[in-house]
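Enquirer: Using the hints provided, position chain B relative to the given structure of chain A.
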Amino acid sequence: MIKARVMPTLLVKGFGLVKGVRFDSWRPIGSIMQAVKVYNMREVDELVLLDIRATDDSRMPDFSLIDDIADECFMPLTVGGGIRSIDDVRKLLQVGADKIAINTAAVETPGLVSVLSEKFGAQCIVISIDAKKLANGKYEVFTHSATKPTGLDPVSFAQQMERNGAGEILLTSIDRDGTMLGYDLELIQMVSQAVSIPVIASGGAGNYQHMEAALTEANATAVAASSIFQFTQQTPIEAKRYLSDHGIKVRI
Amino acid sequence: MKKVVIIDYGMGNLDSVRRAIEECGGTPIISCEKQEINQASHIVLPGVGSFADGMRNICQRGLDEWLTERALQQGIPLLGICLGMQLMAQKGLEGGETTGLAWLDAKVEKLQATSAEKRIPHIGWNEVHVSVSSPLFKGIDSGKDFYFVHSYHLVARDPDLAAATTPYCGQFISAIAKDNLFGVQFHPEKSQKVGFKLLRNFISL
Chain A
55 MIKARVMPTL LVKGFGLVKG VRFDSWRPIG SIMQAVKVYN MREVDELVLL
105 DIRATDDSRM PDFSLIDDIA DECFMPLTVG GGIRSIDDVR KLLQVGADKI
155 AINTAAVETP GLVSVLSEKF GAQCIVISID AKKLANGKYE VFTHSATKPT
205 GLDPVSFAQQ MERNGAGEIL LTSIDRDGTM LGYDLELIQM VSQAVSIPVI
255 ASGGAGNYQH MEAALTEANA TAVAASSIFQ FTQQTPIEAK RYLSDHGIKV
305 RI
Chain B
2 MKKVVIIDYG MGNLDSVRRA IEECGGTPII SCEKQEINQA SHIVLPGVGS
52 FADGMRNICQ RGLDEWLTER ALQQGIPLLG ICLGMQLMAQ KGLEGGETTG
102 LAWLDAKVEK LQATSAEKRI PHIGWNEVHV SVSSPLFKGI DSGKDFYFVH
152 SYHLVARDPD LAAATTPYCG QFISAIAKDN LFGVQFHPEK SQKVGFKLLR
202 NFISL
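In order, the protein sequences belong to chains A and B. Under the numbering used here, the first residue of the first sequence is numbered 55, with each subsequent residue one higher. Under the numbering used here, the first residue of the second sequence is numbered 2, with each subsequent residue one higher.
In case anyone wonders, no lab produced these hints; they're calculated from the structure.
Partner residues are not named here, just some residues of chain B that face chain A (Cβ under 7 Å, in silico): (1) ASN14; (2) SER17; (3) LYS119; (4) PRO122; (5) ASN127; (6) TYR148; (7) VAL150; (8) SER152; (9) LYS191.
Just so it is clear, CB atoms sit at the ideal spot from N, CA and C, and this is done for glycine as well.
One chain only, chain A, in its complex shape (with noise of 0.2 Å):
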């Protein structure tokens, strides 16, 4: 049976990890490269690295700090950041990136999520959603760095990009992000049950009590978190043993 996975999320910000509340106040948190082997000591499921200024500072992704990072990274690995063209990909794929994670330029350029689905493959296309609840109930969905309103519903933004071509959904919900006050489980169950493509939940895990939620109460396929593991005691492995205890398959 597949397992589910938890997934740390490491935010770069120039040469250095930061982690922020509600996508804003960012603190610096450390160095990347350390971080990296120690999730890879650990043997965590998977990591997810977004370089969160890429966009709004029009780079291109950081094709050599990928490079390092993916040498000593031997398990699977997803990059987002400023990622706009069929190039940016390839090179990326080439020096280790298991995944690639779009959002603003999957909003942009819609059409650019089919050519690179069709070119690389589905499974390596994940589309990034950050999205926020509205005053008036609704969700909204959100580009660079949350700092774009784009007036799209993000269920049926999902699944256009489902039709488009991509292989996963990461779900991030704005409001929760660095919060630790557990996901958005509304957002999260009306984007998985809308989709057939697996959705990682994001934002607002503090507990593993949270994570169990988004699994089980929002049909999340994977949870991913970053302050959990940076500002509390809590690990992943600890998470896999209580979703374990709770019956919950994970690999352990």
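Expert: Below, chain B without anything else, positioned relative to chain A:
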């Protein structure tokens, strides 16, 4: 010296395989040159992408002939990973029906969702149940989790091809073994300790 040539046919993910082979004690060389291929003690055929693109790239470089000669006539150990395993089949359906390297009596089809397992691609860690004893799985317990990321799978007409199966969308062949030819649908280079064990087994052939 174990000189492991990783075939570069423009289909991604080569560097991970190179690093893993290095960690496992082999001397990896990424190449599509005939001379390197002829000097290899082992060949790894990696690959990410569609079957049709993969075969087109292989044929454009003349690799189909050289690889067939080394693999079938000279019998050197060859490991196909993911798309690399699929390309050994007679035909694939991804990106339009395409003739493969045709070393195996098999074809490649899309996974069919079931009510319990509706999510395709099949992404994540899943069990690999060893069905026949094979040097590739020496010292690896049946049922260990390996990392998968794929939408298509190999369907064998020759029932003896399957070395291991994985339960998803029913059950599919996750590893094949036939003489000197080996293939895995999962990614040993990303499957940590158990994946490295498998790569070491391959290199020591």
